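**Student:** In order, the protein sequences belong to chains A and B. Just so you know, we're using numbering that gives the first Met the number 0 here: the first sequence kicks off at 0 and counts up by one. Just so you know, we're using numbering that gives the first Met the number 0 here: the second sequence kicks off at 0 and counts up by one.
Hint data in this document are derived by calculation from the structure and do not stem from the laboratory. Keep in mind that this is a model prediction, so the values were computed, not measured. Glycine included, every Cβ here is placed at the ideal spot set by N, Cα and C. There are no misleading hints in this set.
Here's a subset of chain A near chain B, in silico, CB distances under 7 Å, partners left out:
id	residue
1	Y35
2	A79
3	E87
4	N104
5	Q199
6	K205
7	G209
Take a look, some chain A residues computed to stay more than 12 Å from chain B by CB distance:
id	residue
8	I282
9	A289
10	D327
11	P341
12	P387
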Amino acid sequence: MRARNTFVGAAFALLAGGMAHSALAQDIKIGEINSYSLLPAFTEPYRKGWQLAVEEVNAAGGINGKKLVVISKDDGGKPADAQTAANELVSSEGVAMLAGTFLSNIGLAVSDFANQKKVFFLAAEPLTDAITWSKGNKYTFRLRPSNYMQAAMLVEAASKLPAKRWATIAPNYEYGQSAVAVFKKLMSEKRPDIQWVDEQWPPQGKIDAGPVVQAVAAANPEAILNVTFGADLVKLVREGNTRGLFKGREVVSFLTGEPEYLDPLKDETPEGWIVTGYPWYSIKTPEHDAFLKAYQAKYNDYPRLGSIVGYQTIKASAAILAKAGSTDPEKLIAAAEGLSMPSPFGEITFRKIDHQSTLGAFVGKTALKDGKGVMVDSSYKKGADYLPSDAEVAKLRPKD
Amino acid sequence: MAFYVVQFLTGLASAASLFLVASGLSIIFGVTRIVNFAHGAFYMIGAYIAFTLTERLSGAFGFWGGIVLAAFAVALIGVIVEMVLLRRIYHAPELFQLLATFGLTLMVEDLVVLIWGPDDLVGRRAPGFRGAIDFFGQNIPSYDLFLIVLGPVVLGILWLLFQRTRWGVLVRAATQDRDMVAALGVNQKWLFTSVFAVGVFLAALGGALQIPRDAVHHAMDLRIIVEVFVVVVIGGLGSIVGAFVAAVLVSELNAFGILIFPKISIILVFLVMAVVLIVRPWGLFGKPEAAARKTPGLTVNPWRPLTSNERLMALAALIVAAMLPLFAGNYLLTVGSEIAIFVIFAVSLHFLMSVGGLASFGHAAYFGLGAYGIAFLAKMAGLPMIVCLLLGPLLGCMGAAVFGFFAVQLSGVYFAMLTLAFAQIVWSIAFQWVNVTGGDNGILGLWPSSWAASPSRFYWLSLGVAALVTVALRAMVFSPFGYALRATRDSGLRSEAIGIDAKRIQWTAFVIAGTTAGIGGALFAYLKGSVFPDNLGISLSVDALVMVLLGGVETVSGAVIGAIVYKALNIWLVSQTDLSKLVLGGFIMLIVVVFPKGIVGTLEMLAQRRKKASPPGSPLLAKPIESAE
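The following block holds chain A by itself, in its conformation from the complex (with noise of 0.2 Å):
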């Protein structure tokens, strides 16, 4: 019981800390969560990206004339831990808005907070369809293309195959299960003589790939879908490739062309997959330009798809913000409801209705380049074209 007084000198300790950094006054604060240590193949990328976008907005004169500044916080994967760094951000560091993150669980517990607390929150990189539908709030926008346009993308060219007999391999957590419904929904919706002759569930992280493999195989599918990504789809394609599972069969795999899970395959990249991805190497607009130039340039490396969603949700965030001329969060939500901005993809809107942003992604075939993995024939599939009509949606979001 002697344990208070330990309690006190903690909080004491924690007060002085919380205090040792505050900006001044004047500058607007965004408040940033994302999973740093627990996903850095990701977030490093991306925090790069948000730190090109924070040094342009100020070079460019700030907001309105202040200086932009961007307290980021590490989440550890937990969501939990999550709404802890939320809640310092908006309680201690007084914040304008939150912005990031990137697994589902996080960005709809941060999500709630904002809704919880009045507080605006952009999601990056979450890509549940919950987050804009049926768990959306009005404080929370989204800018990533959610899980069903990115399925609504893939079905586009998986429609126009042949294949009639389809597997599936997803990570059993909420994201690969609903990226299957739904790409299973639409597939069926456009070609009802389409059969689902097997389905493997790896644990996420975990797959034990051999015995996944062979029981796909098993079943002779004509095409496969793949949603596993990271360490998982390493293994996933090394024995599919050992073992000829790919061989004479289609593949339709969710973000295999992001450089982040298409680089560390190398000279394994198997040739043919139709992805979702980010071929930096063959986009050539004058906005993706700039933007590779400049990142390009302070990094001397080449960008990842999480570059560009660091980029872009600063970018957006200083957009809205310049937009509502003020931090308080009703006017900010008015600011971003409809609000068009440039991107390296292109324009982006958020939707008024569902608070979707209409940043697209880039659907190709992947590759093989001098013992590198690449995105070919790609092309942009904007965001606006793969969203249900405005009828199903309001049916699917909650009334605010």
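Starting from the known structure of chain A, arrange chain B on it as the hints suggest.
**Tutor:** Below, chain B alone, put in the same frame as chain A:
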């Protein structure tokens, strides 16, 4: 038919990798009784170093040489860790070494990212084993065949080592009765160091051999460590053959299980372990643990209730803590609430561990069940907060009643692992039953009613409950029930002889601890406004263990301090630095060395020593008085 043969062989290949790592862990545990949480970290370093070496060295020799060199290099690191860190704490209370290896694991996770960068690394394929062999139209990777052969070969070498060498005889003797080996004049220091080195070598070799089939990344350790523990326990602690059979069993069940239930992998090993432990309490090949010769601690400083002065001090401390809202902002108050909740959680586990002598590795299950109890009551039944807070922990209570009944039939590490299995089963239900629990997206929108919504009121609520719980559990320690429970912990035979129904007492303690954890979980749900399967997860269970060990497992209320120090430090570090794991891990290791009985335990000992003014030097080394069992 060919398919089933190939699937079987594929399962064997998976088993071989699992076995290599598990055998190392089994040997280390058997001899040193260290629950080596860092085994996964050594596995991961093995893979990283092997990656670097195989990329640098060329040719077939370079590849295989790189693998073996990596394993030796990591074994050397293991020797250093053992000599510098673990040697200092062999006399610490049971499981304390877990804390040191946990700290090491945290540090390694950050270190590998610092050294090798954040990207996933994909190494070379093994020269000579790149392709596949055609088996009636099915492809078997030749590397899999290599692993299938390697597994039994390693098993054979280990068998020879243990049966045919003097060192092996010593290791087997120490596994059975290490006090007797010490009494016979064997140099335990070097035996332990060499055993640790061999175990780490096997872990690193297991990691290095993953290079041709896996990606090397910073989360490899956690991916394997729990599974390996499970394999070791299923096989029976200290039994190499058991580890092999268990690895094959688990891998084959997985390989064929996914054909029928594709979602089974997530829980399979834990189901197998739960079944095995209920049917065979010491694993497939294990033997009953020899009765403990030492009374677990406490013989030096008998527990006593607080004196009235100390009571006044505690009350004063509580009043000071209650004044926090006068000067602290909302964030600090929320952190304060979180710490108070973790105090509840930690003292509940402490009650089970210190008073009952039952270390649970799955205590988060009851914390999480309490939280889910709130979620169900508030979201589905729409009950008001006060009713939810009263009824929610009952779910934790019910869970503890059911699982506790089976768990208290076991003891020691087997008890710990069965609680872990149950916790993982509950976790996977929460994770998979999407319609009810929302799966990993959790249940949102559980915010407190207006009477408790402000941070200061919620802080007072949490603080008040934490104080009540701590006092109540303390009172229980010095009640007849508490004495009975301590009797079952200190001497099973004697307590039975005087008519104590040990299992029932322990079961009751389990239910009390589970319900208390449920109270913590219930408050946590309201603090965070949401419930996720994380709240039942392994990492939370480990956190609770760390808090108890940090405070001092041989104290009456050390967990209070442990929880405050660990949680406050954790929150602060995560907020202040990107390398929070590195710093926190280093801090834990420092504490382990400076406070070998936990913070409170060591302070109490020093205070005791000053009071007695005994000759310098002796109490630190004084071993607990041995009871004449």
